[in-house]
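Student: Next come the chains, spelled out residue by residue.
Protein chains: 2
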Amino acid sequence: MEYKYELTIDKLLQSGVSSNPDQIINYTGKREFTFKDFSKRVNTLAKALISIGVKKGDRVAVIDWDTYVYLEAYFAVPMVDAVLHTVNVRYPQDLIYYTMDHAEDKYVIVRDEFVPILSKNREAFYFIKGWIVYSETGQIPDSLSPKYVYDDLMKESYSDIELPQLSENDLATTFYTSGTTGIPKGVQFTHRQIVLHSISSGLALADDPINLTSRDVIMPLVPMFHVHAWGVPYMSIMSGRRYVLPGRYDFDHIIDLIDKYNVSVIAMVPSILYLIVTNPNVKKIAGRGIKAIVGGGALPEGLANAAEKLGITAISGYGLSETAPILTLATYNERVKAMPESEKKKFRLKTGIPIPLVQLRVVDDKMNDVPKDEKTIGEIVVRAPWLTSVYVKNKEGTEALWRGDWMHTGDLAVMDEYGYIRIVDREKDAVKSGGEFIPSLVLEDAISSCSGVVENAVVGRPDEKWGERPVAFYTGTAKPDEIRKHLIEMVNAGRIAKFWIPDDFINIKEFAKTSTGKIDKKVLREMIKK
Amino acid sequence: MEYKYELTIDKLLQSGVSSNPDQIINYTGKREFTFKDFSKRVNTLAKALISIGVKKGDRVAVIDWDTYVYLEAYFAVPMVDAVLHTVNVRYPQDLIYYTMDHAEDKYVIVRDEFVPILSKNREAFYFIKGWIVYSETGQIPDSLSPKYVYDDLMKESYSDIELPQLSENDLATTFYTSGTTGIPKGVQFTHRQIVLHSISSGLALADDPINLTSRDVIMPLVPMFHVHAWGVPYMSIMSGRRYVLPGRYDFDHIIDLIDKYNVSVIAMVPSILYLIVTNPNVKKIAGRGIKAIVGGGALPEGLANAAEKLGITAISGYGLSETAPILTLATYNERVKAMPESEKKKFRLKTGIPIPLVQLRVVDDKMNDVPKDEKTIGEIVVRAPWLTSVYVKNKEGTEALWRGDWMHTGDLAVMDEYGYIRIVDREKDAVKSGGEFIPSLVLEDAISSCSGVVENAVVGRPDEKWGERPVAFYTGTAKPDEIRKHLIEMVNAGRIAKFWIPDDFINIKEFAKTSTGKIDKKVLREMIKK
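Residue numbers (UniProt numbering), protein chains in the order written: chain A, 1 to 530; chain B, 1 to 530.
Hint data in this document are derived by calculation from the structure and do not stem from the laboratory. Even for Gly, the Cβ is constructed at its ideal location relative to N, Cα and C. Among these hints, one or two may not hold up.
[Said to hold, decoys possible] Mimicking DSS-like on lysine-lysine, the simulated pairs with C-alpha atoms at most 27 angstroms apart in a straight line are:
no., chain 1, residue 1, chain 2, residue 2
1, A, Lys30, B, Lys337
2, B, Lys4, A, Lys40
3, B, Lys395, B, Lys518
4, A, Lys106, A, Lys55
5, A, Lys393, B, Lys4
6, B, Lys509, B, Lys479
7, B, Lys366, A, Lys4
8, B, Lys345, A, Lys36
9, A, Lys260, B, Lys518
10, A, Lys513, A, Lys529
11, B, Lys36, A, Lys372
12, A, Lys4, B, Lys393
13, B, Lys337, A, Lys40
14, B, Lys40, A, Lys366
15, B, Lys344, A, Lys36
16, A, Lys56, A, Lys155
17, B, Lys55, B, Lys393
18, B, Lys522, A, Lys372
19, A, Lys529, A, Lys479
[As the list claims (entries may be wrong)] Only some residues are given here: those of chain A computed to face chain B with a beta carbon under 8 angstroms:
no., residue
20, Asn20
21, Asp22
22, Thr331
Next comes chain A alone, as it looks inside the complex:
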């Protein structure tokens, strides 16, 4: 029988260890692991998971900040042929529950801080067979059962347990996205998809002006529950890069980490970059030639300029939860390379050029490519080796996503003669604040439950800090403060997240409607344009 090499996640870890055994993973300044030692820990965790009963295909959820435990789970869970569910901890309690139930999670790795929000609802989690709890303080909460203690599991040797053979088309990860307006949709990725995304994105980042190489120290500031932190952990460890985990985001501390550990490449949404460049301590890291990959929203020129004054070169990237995520990066191609520095900057702010293996088109509604005139708007459709093949248990959504065998991003863009695309609008009505989608349908539903509200609609208003902030329009007799108070109650009940609460509530007489009778949000957006 012929040997077949499977593109599986264990190979990523092995590659990092064999080429760079002494490379370092630093956890928020508190702990350091060499790749060699980290790999041993991952193997122990994998065997521990088997020892407590985790089986092929079981969904194992992680509820955590960006910690070494999360990173261990990134590898260990797929390595036992289970499926890593990276739970969005910024969801309200209700949606956390909804996604865990929908994913059919069986085991959960959870940091002590998150235990209380899970314990409130213990009976509802009847489907969970084991809670693996960890704490950095040594105080393990006792309210969940059956309970395992992470550090205890990591003490054993499991010498009689062997890791399973993996196939590249086995599922490795799943998570939920509120990419559209409705309730979260599950996406899922195979081992093969993650391996291919890792090597291709790593290769694309070698280009200017990022020029990622073994000299760099990487710290993604993209939550690890968010599309594999854009794949940076897998990519970095595979290619032996020094890696810093920020833990829970605290921007004073993050700047200290960048300073102390010479972090040279960061990745984040625009609002996080904003929080860094406006932090009073940012001078500490000025003038070091840090490179920032900015995605999850357009990179505003003002922000890029502010970063540049601090010696931070920011470039755009683009992708979706559905696309694992990287599709494009605004690196310099031959034409841009030859331009003066001031011209190049314009291209860094564009959405970018496709990374290797991505097939990207901007098409009209008959699926014809639009001309490369930087004017004609079309939808971005893509093919790549790392796109979710389905929305979990959602046939209709899947069919819409993949109509005509191209993945429809719902993003509207123009293309220039140099091959760069620039997103000009989203087809969908979602509001994106601080890189997180706010599901407007869920929010509108919450607003509608306030007495005195007849009709309502939420749209995004451009915001320097957050990219967009929600604004609610409504008809009826309710006062803005009443609605706000109502929504705070819903936050406390775990129904919505606090950052979803609209900045403004605007009472109007009547909504303009589209031909199909829906509220015309374009009109509303026009009304609040600055």
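We have chain A already, so just place chain B on it with the hints.
Tutor: Then chain B, alone, in the frame of chain A:
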């Protein structure tokens, strides 16, 4: 039906074109193509191949120097689901015929200069259905039929021809290697293997001291018949790098090309680097910070030093024809990165560390890993997503190659604590001169046919310029000049290549034999050690 992304060679070309449409391919200073135009030419050639009858699985041979025609065939042949056979033009006529017959070639793309050696033997090529001849002088030789003229084929539009759907596991390329002592063995690679090799090797080359990026201009000086020119053409075009094709190797001209087109990265065997650094014109390109990837034989320290004086940073790479080829590169990992420049150099001369996705072990004869003590010698065995699964029509060879589901390289190495391997010897008896294996069995057979030779054996003698040169030992009454004359006749008859003729013929009384009665070549090698 779910859309499945196939890892096929057309995607490499599309990636280069979509991210970098105006990038340039320069053919030896004579012609230039943008990626966009090159892609159109490839599509035309592909359709032309279909128009003359090329079908899925047909072997299409190319006999050429490193030209734009070759590069077009690299893409176009696999894109019609045919198999590109890159014929070794340094083989004697007999072996060229042998490999084309063994591969069952059906079509041949051939440069005018090579037509005469094929025409001698026309009837023997009964299996060839079409010869596609091209000439840069416009003088198309008429001695082969059925004959097509390349430039004529490229003039048509073929608007009614569609390219086939490709599967990633379809064969894309095949070629022959004299890696061992015997007659050439065929290896073969699928689309998937070549795509994965391209992205992984590109990623590995991003590391120091090569640090390959979009700024670089690449000119491989590895013949295109030789393991896909180490995969550099596929890798470079996929990632949008500027690419220079040297044509037929002429070192004065090559230095001019480096000078004129600012070539910054070259790749070659040690003897080619030797020819460059000793060329009287090399001063033209001194001090430019050129980077050289050196493989196909150990990189001697003296040569690396000579290169360094010219500002050329040379690093080792390692691979086999069987491995597509790259397995390791001597880039700097975390430990080496921290060393002073003088220390780093030692590591650049080692065989290297595995590139992403390569699993490489140094094992004893019970398949246990040897300790990383830089002393214990073991055989290098590998797994990677780009290894030939078979020797063509050679079950026994395939089984030996893949025993225990690891590919056995036959190369003996030690490993250090930093993860770097260093090859110390080859298990096999082959002689390697100027990066080309000389099949000693074939050569010994030729020598034995000289009257007055009783027994004979050929071994390699270390050589500053060529790496190794063959030396023949023999018993009997023949005089060295008689044997040399006999071999020259065999060169003229196309039985052996001229560069195979041993530098010395040493007459001895008797051969030392091994326990199994074979000539003990170790003893002979000792005798000629300098």
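Student: So, for every hint listed, does it hold in this structure?
Tutor: Taking the hints in turn, this is what the structure says about them:
In summary, the hint linking Lys30 of chain A to Lys337 of chain B is supported, as the alpha carbons are separated by about 24 angstroms, within the 27 angstroms threshold. For the hint linking Lys4 of chain B to Lys40 of chain A, the alpha-carbon distance of about 35 angstroms lies beyond 27 angstroms, and the restraint is violated. Taking the CA atoms of Lys395 of chain B and Lys518 of chain B, the gap is about 25 angstroms. The hint holds against a cut of 27 angstroms. Between the alpha carbons of Lys106 of chain A and Lys55 of chain A the distance comes to roughly 10 angstroms, so the proposed pair stays at or under 27 angstroms and holds.
A distance of roughly 19 angstroms separates the Cα atoms of Lys393 of chain A and Lys4 of chain B; the hinted pair therefore holds under the 27 angstroms criterion. With a CA separation close to 14 angstroms, the supplied pair Lys509 of chain B and Lys479 of chain B stays within the 27 angstroms bound. At roughly 22 angstroms between alpha-carbon atoms, Lys366 of chain B and Lys4 of chain A fall within 27 angstroms of each other, so this suggested pair holds. Of the pairs offered as hints, the one joining Lys345 of chain B and Lys36 of chain A holds, with about 25 angstroms between alpha carbons and a cut-off of 27 angstroms not exceeded.
Our distance criterion of 27 angstroms between C-alpha atoms is broken by Lys260 of chain A and Lys518 of chain B, whose separation comes to about 64 angstroms. With a C-alpha separation of about 19 angstroms, the suggested pairing of Lys513 of chain A with Lys529 of chain A holds against the 27 angstroms cut-off. Of the supplied pair hints, the one linking Lys36 of chain B and Lys372 of chain A holds, its CA atoms being roughly 14 angstroms apart against a limit of 27 angstroms. Between Lys4 of chain A and Lys393 of chain B the alpha-carbon distance is near 19 angstroms, which keeps this suggested pair within the 27 angstroms criterion.
A threshold of 27 angstroms between alpha carbons decides the hint, and for Lys337 of chain B with Lys40 of chain A the separation of about 24 angstroms falls inside it, so the pair holds. Simply put, Lys40 of chain B and Lys366 of chain A have alpha-carbon atoms about 24 angstroms apart, close enough for the 27 angstroms limit, and the pair holds. With a C-alpha separation of about 22 angstroms, the suggested pair Lys344 of chain B and Lys36 of chain A falls inside the 27 angstroms cut-off, and the hint holds. At most 27 angstroms may separate the alpha-carbon atoms for a hinted pair to count; Lys56 of chain A and Lys155 of chain A meet this at roughly 23 angstroms.
Proposed proximity of Lys55 of chain B and Lys393 of chain B is supported: the alpha carbons are some 21 angstroms apart, at most 27 angstroms. Of the pairs offered as hints, the one joining Lys522 of chain B and Lys372 of chain A is violated, with about 66 angstroms between alpha carbons and a cut-off of 27 angstroms exceeded. The hinted pair formed by Lys529 of chain A and Lys479 of chain A meets the criterion: a straight-line CA distance of about 23 angstroms does not exceed 27 angstroms. With a least beta-carbon distance of about 4 angstroms to chain B, the hint placing Asn20 of chain A at the interface is held under the 8 angstroms criterion.
Among the interface hints, the one on Asp22 of chain A holds; its C-beta lies about 5 angstroms from the nearest C-beta in chain B, closer than the 8 angstroms criterion. The closest approach between the C-beta of Thr331 of chain A and any C-beta of chain B is roughly 7 angstroms, which is under the 8 angstroms cut-off, so the hint is satisfied.
Going down the numbered hints, you'll see the structure goes against 2, 9, 18, while the others check out.
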